[in-house]
Structures are given as structure tokens and as C-alpha cells.
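**Q** Chains as they are written, first to last, in this note's numbering: chain Z, 1 to 295; chain H, 1 to 295.
Output of the computed footprint for chain H on chain Z, the stretches with three or more beta carbons under 8 Å from beta carbons of chain H:
{"no.": "1", "region": "12-24"}
{"no.": "2", "region": "65-71"}
{"no.": "3", "region": "84-92"}
{"no.": "4", "region": "95-103"}
{"no.": "5", "region": "111-121"}
{"no.": "6", "region": "124-135"}
If you are wondering where the hints come from, they were derived from the structure by calculation, not from laboratory data. Every residue gets a Cβ at the ideal spot worked out from N, C-alpha and C, and that includes glycine.
Protein chains: 2
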Amino acid sequence: MQRVESEIIRLIEEIGYGEATRLFKTLEGGKRVRAKLILKIASSNERAPLLAAIVELIHAASLLHDDVIDEATTRRGVASVNATSGSKTAVMLGDILYSKAYSELVFFGAEIAKIIANSVTLLSIGEMMDVEMSSEFNSDEDKYLSMLYLKTATLIEACAAAAATLAGKDIASHALYGKNLGLSFQIIDDILDITADAKTLGKPAMNDFREGKCTLPYIYLHNLLSKDEQKKLVSFHAKELNEGESAWILQKMKEHKTIEKSFELAKKLSDEAKEIIKNDTQLVSILEAMIQRSY
Amino acid sequence: MQRVESEIIRLIEEIGYGEATRLFKTLEGGKRVRAKLILKIASSNERAPLLAAIVELIHAASLLHDDVIDEATTRRGVASVNATSGSKTAVMLGDILYSKAYSELVFFGAEIAKIIANSVTLLSIGEMMDVEMSSEFNSDEDKYLSMLYLKTATLIEACAAAAATLAGKDIASHALYGKNLGLSFQIIDDILDITADAKTLGKPAMNDFREGKCTLPYIYLHNLLSKDEQKKLVSFHAKELNEGESAWILQKMKEHKTIEKSFELAKKLSDEAKEIIKNDTQLVSILEAMIQRSY
Chain Z
1 MQRVESEIIR LIEEIGYGEA TRLFKTLEGG KRVRAKLILK IASSNERAPL LAAIVELIHA
61 ASLLHDDVID EATTRRGVAS VNATSGSKTA VMLGDILYSK AYSELVFFGA EIAKIIANSV
121 TLLSIGEMMD VEMSSEFNSD EDKYLSMLYL KTATLIEACA AAAATLAGKD IASHALYGKN
181 LGLSFQIIDD ILDITADAKT LGKPAMNDFR EGKCTLPYIY LHNLLSKDEQ KKLVSFHAKE
241 LNEGESAWIL QKMKEHKTIE KSFELAKKLS DEAKEIIKND TQLVSILEAM IQRSY
Chain H
1 MQRVESEIIR LIEEIGYGEA TRLFKTLEGG KRVRAKLILK IASSNERAPL LAAIVELIHA
61 ASLLHDDVID EATTRRGVAS VNATSGSKTA VMLGDILYSK AYSELVFFGA EIAKIIANSV
121 TLLSIGEMMD VEMSSEFNSD EDKYLSMLYL KTATLIEACA AAAATLAGKD IASHALYGKN
181 LGLSFQIIDD ILDITADAKT LGKPAMNDFR EGKCTLPYIY LHNLLSKDEQ KKLVSFHAKE
241 LNEGESAWIL QKMKEHKTIE KSFELAKKLS DEAKEIIKND TQLVSILEAM IQRSY
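Between the sequences and the hints, there should be enough to build the whole structure, so can you do that?
**A** Structure representation (C-alpha cells):
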């Protein structure tokens with residue numbers, strides 16, 4: 001991973017704009033899930049760290065734009081660029097990172113460049129759907145999972161497929177592994193938004209629902225409540241909740257085991273992924289670590 | 001140009017997201033300067049209309065983000081996407097168009113893809129500089145022209161270079177032609193913002209200065225005024241002006257011939273470009289038409 005970090009810094013400095021370098025360095029790198037995945041799959045290829053660095057620039061760009069969209073004030077526990085330097089700067093810094101990533105991607109050949117660029121189209125569509133869906137309470141699980149696939153899983157799927165291409169491994173099975181990893185990863189993130197404390201999250205708990213996002217535990221809950229209770233839940237959507245209101249939601253989720261149901265789906269997707277790449281112990285261990293961070 | 005328009009529609013529909021298609025169709029296509037330039041330079045190549053369509057998607061994406069940044073409510077006389085659908089949607093639609101463009105660009109080979117992607121990095125840096133520079137009165141001509149080159153001329157320069165690459169023509173001379181065309185085009189746009197009426201512009205006259213942008217006629221004026229007058233001009237920066245204040249600026253510009261001085265620079269850059277490609281009558285005529293639209 002050290003080579004990935006130094007490639008990231010090299011790419012940023014190559015842009016040649018001091019303000020962009022300065023702002024980039026204020027970002028928290030995060031878990032580098034995508035980079036690690038590429039290194040694991042294409043470990044034999046000496047260009048894997050560069051591909052991993054490129055994808056981390058793309059991921060950082062998508063988060064910058066995501067934070068503008070969500071009007072988020074923090075990201076990974078530190079102030080977001082849109083909060084410190086304004087949303088204008090955050091939009092442009094994102095564009096700089098995206099375009100720099102594409103500039104470098106061209107040297108990996110048309111197949112890999114196309115896989116990655118296409119996933120950015122899908123993730124941007126996912127973001128647009130997310131904005132649209134947040135305007136009212138969504139209780140449609142399939143619709144939610146389609147959006148989640150686009151918004152979160154497509155880039156991880158693309159990383160796995162691109163790394164497999166680079167390493168001459170089977171593309172379809174690695175893509176499916178990446179897709180399921182991405183989906184279950186995000187479902188667990190959605191669960192942690194409810195179960196973890198604000199300090200661990202780096203943001204207030206139950207933030208998703210406050211922002212209008214009806215994640216799986218809320219969707220399952222809605223569909224198991226009585227008509228009157230459904231109305232009550234919907235009335236809490238996308239607003240600041242007092243302690244009693246939050247406690248009511250949590251109590252109802254406990255009664256109807258909707259956190260557990262959500263976790264079961266994440267586990268099922270993760271098990272499917274494990275089955276696909278069962279001979280690759282490193283990829284299996286990524287899934288196991290991911291599932292375990294939940295409880 | 002009809003083939004370019006149909007390629008644009010084909011690419012947009014290929015994205016497969018109805019909301020993106022609908023929103024894209026609300027955009028005004030504009031003069032398609034970049035597409036026309038590519039068609040003129042690479043007329044012999046059957047893939048020129050596709051390259052032209054890709055570049056128009058990139059240009060549209062940059063305008064969507066530009067309008068978010070400028071908080072513009074109109075673009076080319078129609079309501080901007082950020083005004084009708086919110087800046088979140090405008091940011092994401094821009095990302096969708098950018099990524100779709102890059103997805104298609106990969107089939108033109110590394111050299112062309114790199115030229116175009118790199119110009120997007122530079123134009124985004126230019127946008128960031130523009131935001132930064134708008135916060136106070138800038139009287140530095142060189143600084144302004146550097147920003148203008150990045151923000152406006154780099155993509156036109158890249159179009160000319162990419163089209164020359166596609167057509168097997170000399171890259172350096174076409175790139176320089178494109179750079180000077182872009183710079184003089186923008187200087188004339190800046191002049192028209194002052195001299196044309198609101199109806200022609202599709203936005204209020206002297207809008208740039210109101211937004212904090214000190215274009216050449218303002219920079220030249222500042223540097224020719226007395227100390228007291230300079231203070232007065234600076235006090236008008238980035239705010240709504242009453243009729244008397246606007247009239248004072250226009251009168252002073254007339255006295256000091258700063259519109260003419262700005263036009264002289266545009267003409268000089270355009271003449272240089274003409275000299276470079278003097279044997280290509282079509283490229284010469286683009287320059288002439290552009291210069292003539294000013295007066």
C-alpha cells in the first residue's frame with residue numbers, strides 16, 4: 001500500500017496546482033478498500049499500484065461531489081472541503097481529480113479505461129437517483145438495492161474487473177465478487193449508521209434517515225409496521241428527531257429484527273461472493289473482515 | 001454537423017437513464033465551436049463526428065459545473081439546470097456527461113484521449129482560479145490571461161490538437177491555432193458582456209463584473225485611472241450597480257478606450273493564429289467570423 005500512497009501523491013503533484021495539492025492533503029484517505037482489492041487481485045502486475053492510485057483519485061472525486069450533494073459538513077471525521085472551502089471549490093477539485101485519473105487511465109488500454117469510466121457513469125446515475133429518492137419515504141427494497149448497486153458497488157465491481165484484466169484472470173467472476181462485496185459493504189455501512197455511536201462514525205448516529213435516506217433497516221421496518229405506525233415512521237422522515245422519536249424507531253427495529261434482517265442480506269451476498277472466489281484465500285479474507293466489522 | 005448532433009443524441013441515449021436524457025435535452029447546444037473546429041481539421045476522417053460529439057459532451061459538462069459555481073440562473077437564454085433541478089442534479093449530470101465522454105474517448109487511442117482528458121484538468125484548475133480571483137478586484141493582466149487560457153482556451157487547443165492527430169496533420173501548429181482562437185474568442189465574449197444588450201446576451205449586461213470577474217476592459221481601465229477613480233471602480237466590484245454607476249464605468253471605458261484596447265489584443269492573437277494556418281482557408285474563415293461578431 002505504500003507504493004499506492006506514493007503514486008497518489010505523485011499524481012496529485014503532477015497536476016501542478018498548489019491549491020489542489022493543499023486541499024487534497026486535507027482529505028482523509030479512508031480505508032482504501034478499492035486500492036487493496038486491486039493489489040490483491042493483480043499483485044503480480046507491477047502497474048497495479050498505479051491503477052490502484054488512479055481508482056482512489058476517482059473515489060476521492062466522487063466523495064467530494066457526494067459531499068456537495070449531501071451538504072455534508074464532515075467526511076471520515078474531518079471537515080469536508082465543501083464546508084471549509086465552499087462547494088464551488090469542492091466541485092472543481094473533484095473535476096480535477098476525475099480528469100487526472102482519466103488522463104492516466106489511457107495508458108492501461110481501452111478495455112480497462114472503459115470499465116472504469118463506465119462505472120463512473122453508473123455511480124453518478126446512482127447519486128442522482130439517491131437525491132431523487134431522498135425527497136420522500138421509499139419503502140421499495142428493489143428500488144433501493146438498484147440505487148445502492150449503482151452508487152456504491154459499480155466502482156468496486158469495476159476495480160475487481162479491471163484488476164482481473166490486468167492480471168489475466170477471469171473477469172466475470174471477479175466482477176461478480178466485486179459487486180457483491182460492494183453491496184454487502186454498503187449494507188453494513190447503513191447498519192452501522194444506526195448501531196454505532198457518533199464517535200466511531202465521525203458523524204451523528206441515524207444520520208442517513210435524517211438526510212432522507214431510507215436504508216434497508218427502515219424499509220424492512222416500514223413494511224412490518226401497522227398502518228398507524230407506518231404513518232408515524234414516515235412522519236419522522238428527513239427531519240431532526242428528538243430522543244423519544246429516535247428511541248421509538250430503535251425499539252421498533254429491535255422488535256421486528258430489521259437490523260438482523262439487513263445483516264442477513266449482507267451475509268448472503270458476501271457468502272455468494274465467497275463461493276465464487278473460494279480458492280483465493282486473500283479475497284475470502286477481505287469478505288470476512290468486512291462482515292466482522294459489523295458486530 | 002447533423003452527424004455530430006445525431007452522435008450526441010446516440011451517446012446520451014446509450015447512458016440509459018431517462019432523467020439524464022430529459023435534462024440534457026433542456027440544454028441549449030450553443031454555437032458548437034469545438035465540434036465545428038474538429039470537423040474542419042479532420043474532415044477526411046470518418047470518426048471526426050464522434051470525436052466532435054464527445055467534446056461537446058465535455059463542454060456541456062463543464063458548463064453545468066460552471067453554472068453551479070457561478071450560481072447562474074440562465075445559460076444561453078434558457079434556465080440553467082441548477083436553477084430548474086437544483087445544483088445537486090447539475091453536478092451529477094455533469095459527472096455523467098464527463099464519464100460517458102471518457103468512456104468513448106478510449107477508442108481513439110491513448111494520445112488523443114490523453115490530450116482531451118488533460119485539457120479538462122487544466123480547465124478545472126482555471127475554474128478554481130476564477131473563483132479565487134473573483135473574491136477581490138484583480139488588476140493583473142498576466143494573471144487574468146493565464147486563468148483565461150486555462151478556463152477557456154485549453155479545451156479548444158485540445159480539440160485542434162486531437163483533430164490534427166486524427167487527421168495526421170501537424171499537431172503543434174494546430175494546437176497553437178486553437179489556443180489563440182480560444183483566447184481571442186473569450187476576450188470578445190468579455191467585451192460583448194459590456195457592449196451588447198441584455199436581449200442579445202440572454203443575461204443582463206455587465207454581468208461579469210457583478211459576479212466579481214474583472215475582465216480585460218476593467219483591468220485596463222483600472223490601470224489608467226487616477227488613484228481616486230481606482231478606489232471608486234474597486235468599490236463597485238462584485239455588487240449590483242445602479243444606472244449612474246454603470247454609466248460612469250462605461251464613460252470611463254470610452255475615455256480610456258479600454259474596449260478598443262481589449263479588442264486589439266483579441267485581434268493580435270487572432271492574427272497570429274491566422275499566420276500559423278494561413279494555407280487553410282476554412283480555419284482562417286473561422287477566425288474572421290469570430291472577430292467580426294464583436295462589432
